[in-house]
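Enquirer: Here's the letter readout for the chains.
There are 2 protein chains.
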Amino acid sequence: MSLIVQKYGGSSVANAERLMNVAGRIKAAKEAGNDIVVVVSAQGDTTDHLMDMAMEINSNPSKRELDMLLSTGEQISIALLAMAIEALGLPVISLTGQQVGIKTSNLHTNARIEAIDGSRIRKELDGGKIVIVAGFQGMDDNDDITTLGRGGSDTTAVALAAALNADMCEIYTDVDGVYTADPRLVPEARKLADISYDEMLEMASLGAKVLHNRSVELAKNFNVPLVVKCSFNSNDGTYVREESIVEKMVIKGVAHDVDIARIAVIGVADKPGMAHKLFKALADQGINVDIILQSIGRGGTKDISFTVSKSNLKQAVDIIKGLLDELGATDVKYAEDIAKISVVGAGMANNPGIASLMFEALAEEGINIEMISTSEIKISCLIPKEDIERAVKAVHKKFRLDSVA
Amino acid sequence: MSLIVQKYGGSSVANAERLMNVAGRIKAAKEAGNDIVVVVSAQGDTTDHLMDMAMEINSNPSKRELDMLLSTGEQISIALLAMAIEALGLPVISLTGQQVGIKTSNLHTNARIEAIDGSRIRKELDGGKIVIVAGFQGMDDNDDITTLGRGGSDTTAVALAAALNADMCEIYTDVDGVYTADPRLVPEARKLADISYDEMLEMASLGAKVLHNRSVELAKNFNVPLVVKCSFNSNDGTYVREESIVEKMVIKGVAHDVDIARIAVIGVADKPGMAHKLFKALADQGINVDIILQSIGRGGTKDISFTVSKSNLKQAVDIIKGLLDELGATDVKYAEDIAKISVVGAGMANNPGIASLMFEALAEEGINIEMISTSEIKISCLIPKEDIERAVKAVHKKFRLDSVA
Numbered sequence: 001m002s003l004i005v006q007k008y009g010g011s012s013v014a015n016a017e018r019l020m021n022v023a024g025r026i027k028a029a030k031e032a033g034n035d036i037v038v039v040v041s042a043q044g045d046t047t048d049h050l051m052d053m054a055m056e057i058n059s060n061p062s063k064r065e066l067d068m069l070l071s072t073g074e075q076i077s078i079a080l081l082a083m084a085i086e087a088l089g090l091p092v093i094s095l096t097g098q099q100v101g102i103k104t105s106n107l108h109t110n111a112r113i114e115a116i117d118g119s120r121i122r123k124e125l126d127g128g129k130i131v132i133v134a135g136f137q138g139m140d141d142n143d144d145i146t147t148l149g150r151g152g153s154d155t156t157a158v159a160l161a162a163a164l165n166a167d168m169c170e171i172y173t174d175v176d177g178v179y180t181a182d183p184r185l186v187p188e189a190r191k192l193a194d195i196s197y198d199e200m201l202e203m204a205s206l207g208a209k210v211l212h213n214r215s216v217e218l219a220k221n222f223n224v225p226l227v228v229k230c231s232f233n234s235n236d237g238t239y240v241r242e243e244s245i246v247e248k249m250v251i252k253g254v255a256h257d258v259d260i261a262r263i264a265v266i267g268v269a270d271k272p273g274m275a276h277k278l279f280k281a282l283a284d285q286g287i288n289v290d291i292i293l294q295s296i297g298r299g300g301t302k303d304i305s306f307t308v309s310k311s312n313l314k315q316a317v318d319i320i321k322g323l324l325d326e327l328g329a330t331d332v333k334y335a336e337d338i339a340k341i342s343v344v345g346a347g348m349a350n351n352p353g354i355a356s357l358m359f360e361a362l363a364e365e366g367i368n369i370e371m372i373s374t375s376e377i378k379i380s381c382l383i384p385k386e387d388i389e390r391a392v393k394a395v396h397k398k399f400r401l402d403s404v405a
Numbered sequence: 001m002s003l004i005v006q007k008y009g010g011s012s013v014a015n016a017e018r019l020m021n022v023a024g025r026i027k028a029a030k031e032a033g034n035d036i037v038v039v040v041s042a043q044g045d046t047t048d049h050l051m052d053m054a055m056e057i058n059s060n061p062s063k064r065e066l067d068m069l070l071s072t073g074e075q076i077s078i079a080l081l082a083m084a085i086e087a088l089g090l091p092v093i094s095l096t097g098q099q100v101g102i103k104t105s106n107l108h109t110n111a112r113i114e115a116i117d118g119s120r121i122r123k124e125l126d127g128g129k130i131v132i133v134a135g136f137q138g139m140d141d142n143d144d145i146t147t148l149g150r151g152g153s154d155t156t157a158v159a160l161a162a163a164l165n166a167d168m169c170e171i172y173t174d175v176d177g178v179y180t181a182d183p184r185l186v187p188e189a190r191k192l193a194d195i196s197y198d199e200m201l202e203m204a205s206l207g208a209k210v211l212h213n214r215s216v217e218l219a220k221n222f223n224v225p226l227v228v229k230c231s232f233n234s235n236d237g238t239y240v241r242e243e244s245i246v247e248k249m250v251i252k253g254v255a256h257d258v259d260i261a262r263i264a265v266i267g268v269a270d271k272p273g274m275a276h277k278l279f280k281a282l283a284d285q286g287i288n289v290d291i292i293l294q295s296i297g298r299g300g301t302k303d304i305s306f307t308v309s310k311s312n313l314k315q316a317v318d319i320i321k322g323l324l325d326e327l328g329a330t331d332v333k334y335a336e337d338i339a340k341i342s343v344v345g346a347g348m349a350n351n352p353g354i355a356s357l358m359f360e361a362l363a364e365e366g367i368n369i370e371m372i373s374t375s376e377i378k379i380s381c382l383i384p385k386e387d388i389e390r391a392v393k394a395v396h397k398k399f400r401l402d403s404v405a
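Protein sequence lines correspond, in order, to chains A and B.
Just so it is clear: in the first sequence, position 298 is 298 by full-length UniProt numbering, and no numbers are missing.
Just so it is clear: in the second sequence, position 354 is 354 by full-length UniProt numbering, and no numbers are missing.
Hints were generated in silico from the structure; no laboratory data involved.
Watch out, some of these pointers could steer you wrong.
Simulated pairs of lysine-lysine, DSS-like, Cα-Cα distance not exceeding 25 Å [as the list claims (entries may be wrong)]:
1. B/Lys-271 with B/Lys-220
2. A/Lys-302 with A/Lys-314
3. B/Lys-333 with B/Lys-310
4. B/Lys-103 with A/Lys-103
5. A/Lys-129 with B/Lys-63
6. B/Lys-385 with B/Lys-314
7. B/Lys-27 with B/Lys-123
8. A/Lys-271 with A/Lys-310
9. B/Lys-103 with A/Lys-123
10. A/Lys-191 with A/Lys-397
11. B/Lys-310 with B/Lys-280
12. A/Lys-27 with B/Lys-63
13. B/Lys-191 with B/Lys-398
14. B/Lys-385 with B/Lys-398
15. B/Lys-280 with B/Lys-321
16. A/Lys-385 with A/Lys-397
17. A/Lys-123 with B/Lys-63
18. A/Lys-302 with A/Lys-280
19. A/Lys-397 with A/Lys-333
20. A/Lys-103 with B/Lys-123
21. B/Lys-310 with B/Lys-191
22. A/Lys-63 with B/Lys-398
23. B/Lys-103 with B/Lys-63
24. B/Lys-123 with A/Lys-63
25. A/Lys-129 with A/Lys-103
26. A/Lys-385 with A/Lys-63
27. A/Lys-63 with B/Lys-393
Selected chain B positions facing chain A (Cβ under 8 Å, derived; list incomplete) [to be verified]:
28. Pro-61
29. Leu-80
30. Ala-87
31. Leu-90
32. Asn-223
33. Pro-225
34. Val-227
Simulated coverage check for chain A against chain B, where a stretch passes if three residues somewhere in it have a Cβ under 8 Å from a Cβ of chain B [unchecked claim]:
35. 89 to 99
36. 158 to 172
Given the structure is predicted, the values throughout are model-derived calculations rather than measurements.
From the three backbone atoms N, C-alpha and C, an ideal C-beta is built for every residue, glycine too.
Sequences and hints are given; from them, build the entire structure.
Expert: Next comes the structure, spelled out in structure tokens:
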């Protein structure tokens, strides 16, 4: 008997009909002889709706109370899904993050999972039950409800799969799998059958919305085999696992991200420790920084530029304003009209031609590159936001991602 | 410094404007130098809305999952009210039933409070915070979420007031207090300044919707002083406490209840233990039985009639059907077109004229009395539902409740 952890996103459980569809899938997996643990997100736009209710009352509520509020979205989902499975005549039980024993840090709205006590789930599985778990939420050591931030439900699913030593973690979403580029931008984009953790990590962190990088990191660290599938059909999905089946092409896909903003700290004192001071202050507040560019010191000062997600922009700028004196800096500027395009693929470091091919594609379209960042398996360029669609199409075509099998 | 427990019902917190109004009242009470614990219900029709969502998926969901679902309504309320108080600049924290340590029985959807661990609340009060507690919910010894059933939030408030040894428990609702009759039926009805626990208990159990009898029972047992007030104005409310201020009149009010159904078990074997068997089976499922009438045995059988609330009717009839053989009974019948009218007042037992005055009022209106039940402080009559409005007006007038000061 295999233990399978399934995760269904908000659009997959958005209404009664979809919940019954999901219940049917769970039933099939259970009757195939598997133990099933299911993680669900809040229905459809429930989280946005709850957020609107909060904003109507207080434009700047404490994060603790926000977590108290937002965590109800998943609690509603698990109860309704359990009822849908009851309607199909199968034994089932729903559990909140607290009941599962998902212990997290106390960084409200962006907490990290620190430990999972799987005993309650194991007890219910031993009793023959399908177990439905609320994604996105946990409890800190003060017994307060926390939420995990972006990608939280995926992270819950992978963490549970790791804690329970599951045989497979199935992530159900509204797309068929991982594509060589966003099919909405590039109709010729192909679905990948396999991708390695590292490649997926880059794709995810670079804007492919299928999986959040936190969940992929966790899967990599605990070697949890993942598969990304669509909850609305029975197409094969994309497997994410350690040994990617070797394909002929080096480049796996083109990712893009328009949800970023660039911040520039001007006139930072050119002495040791300034960057550390700056980025530690941001990290302490849970703000992730992406591409970093530091100018060469001139006249005793330097400029530090970097990107953050748009949702962190205001908070990041506020933090930096409070640090200007300490950094010896004169100003902080920001821009939101930028986007990031990336090519991802293992073995890139051994193919020096990749970067120049990418630059060539952008140059042919007359697109200006503002910042560049590279790693073992990706190259990212920051470009004007208005050019992103043309850029993705051109790069996808340049690497022949539509035709290489 | 006094400790006050306030409870606000669903209509008092139905939207952002009303939440801000409630937050303002709480602020005033806090700034008057009191420690404040606030219990809130789910907003407006949230509970009905959640119930509709459940019914769309499963017309007969398990009660455990129903509790998982319904308890989110109060969790949303406490978070939003905490945010409203934050917006006024006061320190505040919201707590679920689980976080407060409200331990209950495991009878889902109708659980009883068994113990309250007040340590978390005391810690937060000591830290200077206003504490907002989710009404209607608790946790059983399996760590599962339970709800308390009808009158649950009032019960939470009184139980907390008892556990914390509060100086006053203020129940805020959409009416001004306890009236001599339902003002919607009897415009001349007067608001009572004071009423004793026992009188309130009868009024509540007889259909006065202001307070549920469970909360009044609890208040009486722990001698918790209550006041019922309107959350939309600053009128004086009605105090409920041990020593009611003596007024000239004996009768405190006329209560009525149309949410009842009558069940008749026909042809029960006329031997000892039958009634016990019948009512124990109902009690085991948490079904409260009201007026009971037993016919005199004839030909070795008897009929047992009693009333239950309409919401329990189906379940009660099903239970009895399964017991027919054991009771030696031949049939179970029921009727929903009935209503109950009651007069309530301490000292009634010493005033034999009260009952006949009530019967006279009903007779003058040509209203048939189907069952009668009396206690130390009330007389109840079961009458046809269609006659209830005329009956309440006639009895209220007969006892001169509109004019006696």
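Enquirer: Now tell me, hint by hint, if it's right for this structure.
Expert: Comparing the hints with the structure gives:
1. B/Lys-271 with B/Lys-220: violated, 37 Å
2. A/Lys-302 with A/Lys-314: This hinted pair holds, its Cα atoms lying about 23 Å apart.
3. B/Lys-333 with B/Lys-310: holds, 14 Å
4. B/Lys-103 with A/Lys-103: holds, 22 Å
5. A/Lys-129 with B/Lys-63: holds, 16 Å
6. B/Lys-385 with B/Lys-314: holds, 19 Å
7. B/Lys-27 with B/Lys-123: holds, 20 Å
8. A/Lys-271 with A/Lys-310: violated, 29 Å
9. B/Lys-103 with A/Lys-123: holds, 22 Å
10. A/Lys-191 with A/Lys-397: Since the Cα atoms of A/Lys-191 and A/Lys-397 sit roughly 15 Å apart, the hinted pair holds (cutoff 25 Å).
11. B/Lys-310 with B/Lys-280: holds, 19 Å
12. A/Lys-27 with B/Lys-63: Status holds; Cα separation ~21 Å.
13. B/Lys-191 with B/Lys-398: This hinted pair holds, its Cα atoms lying about 18 Å apart.
14. B/Lys-385 with B/Lys-398: Measuring from Cα to Cα gives roughly 20 Å; hence the hint holds.
15. B/Lys-280 with B/Lys-321: Roughly 15 Å between the alpha carbons, so the hint for B/Lys-280 and B/Lys-321 holds.
16. A/Lys-385 with A/Lys-397: Holds. A/Lys-385 to A/Lys-397 sits at ~19 Å (cutoff 25 Å).
17. A/Lys-123 with B/Lys-63: Answer holds: A/Lys-123 to B/Lys-63 is near 20 Å, not above 25 Å.
18. A/Lys-302 with A/Lys-280: holds, 18 Å
19. A/Lys-397 with A/Lys-333: violated, 35 Å
20. A/Lys-103 with B/Lys-123: holds, 22 Å
21. B/Lys-310 with B/Lys-191: violated, 28 Å
22. A/Lys-63 with B/Lys-398: violated, 59 Å
23. B/Lys-103 with B/Lys-63: Given that 25 Å is the threshold and the Cα spacing comes to 17 Å, the pair holds.
24. B/Lys-123 with A/Lys-63: holds, 20 Å
25. A/Lys-129 with A/Lys-103: holds, 23 Å
26. A/Lys-385 with A/Lys-63: With Cα atoms ~31 Å apart, A/Lys-385 and A/Lys-63 exceed 25 Å; violated.
27. A/Lys-63 with B/Lys-393: Not OK: A/Lys-63 and B/Lys-393 at ~53 Å, beyond 25 Å, violated.
28. Pro-61: holds, 4 Å
29. Leu-80: Since the shortest Cβ distance to chain A is 6 Å, the answer is holds.
30. Ala-87: Holds, because the Cβ-Cβ distance from B/Ala-87 to chain A comes to roughly 4 Å (cut-off 8 Å).
31. Leu-90: Violated - the Cβ of B/Leu-90 stays beyond 8 Å from chain A, reaching only about 12 Å at its closest.
32. Asn-223: violated, 31 Å
33. Pro-225: For B/Pro-225, the interface hint is violated, since the closest Cβ of chain A sits about 31 Å away, which is over 8 Å.
34. Val-227: violated, 27 Å
35. 89 to 99: holds (count 5)
36. 158 to 172: violated (count 0)
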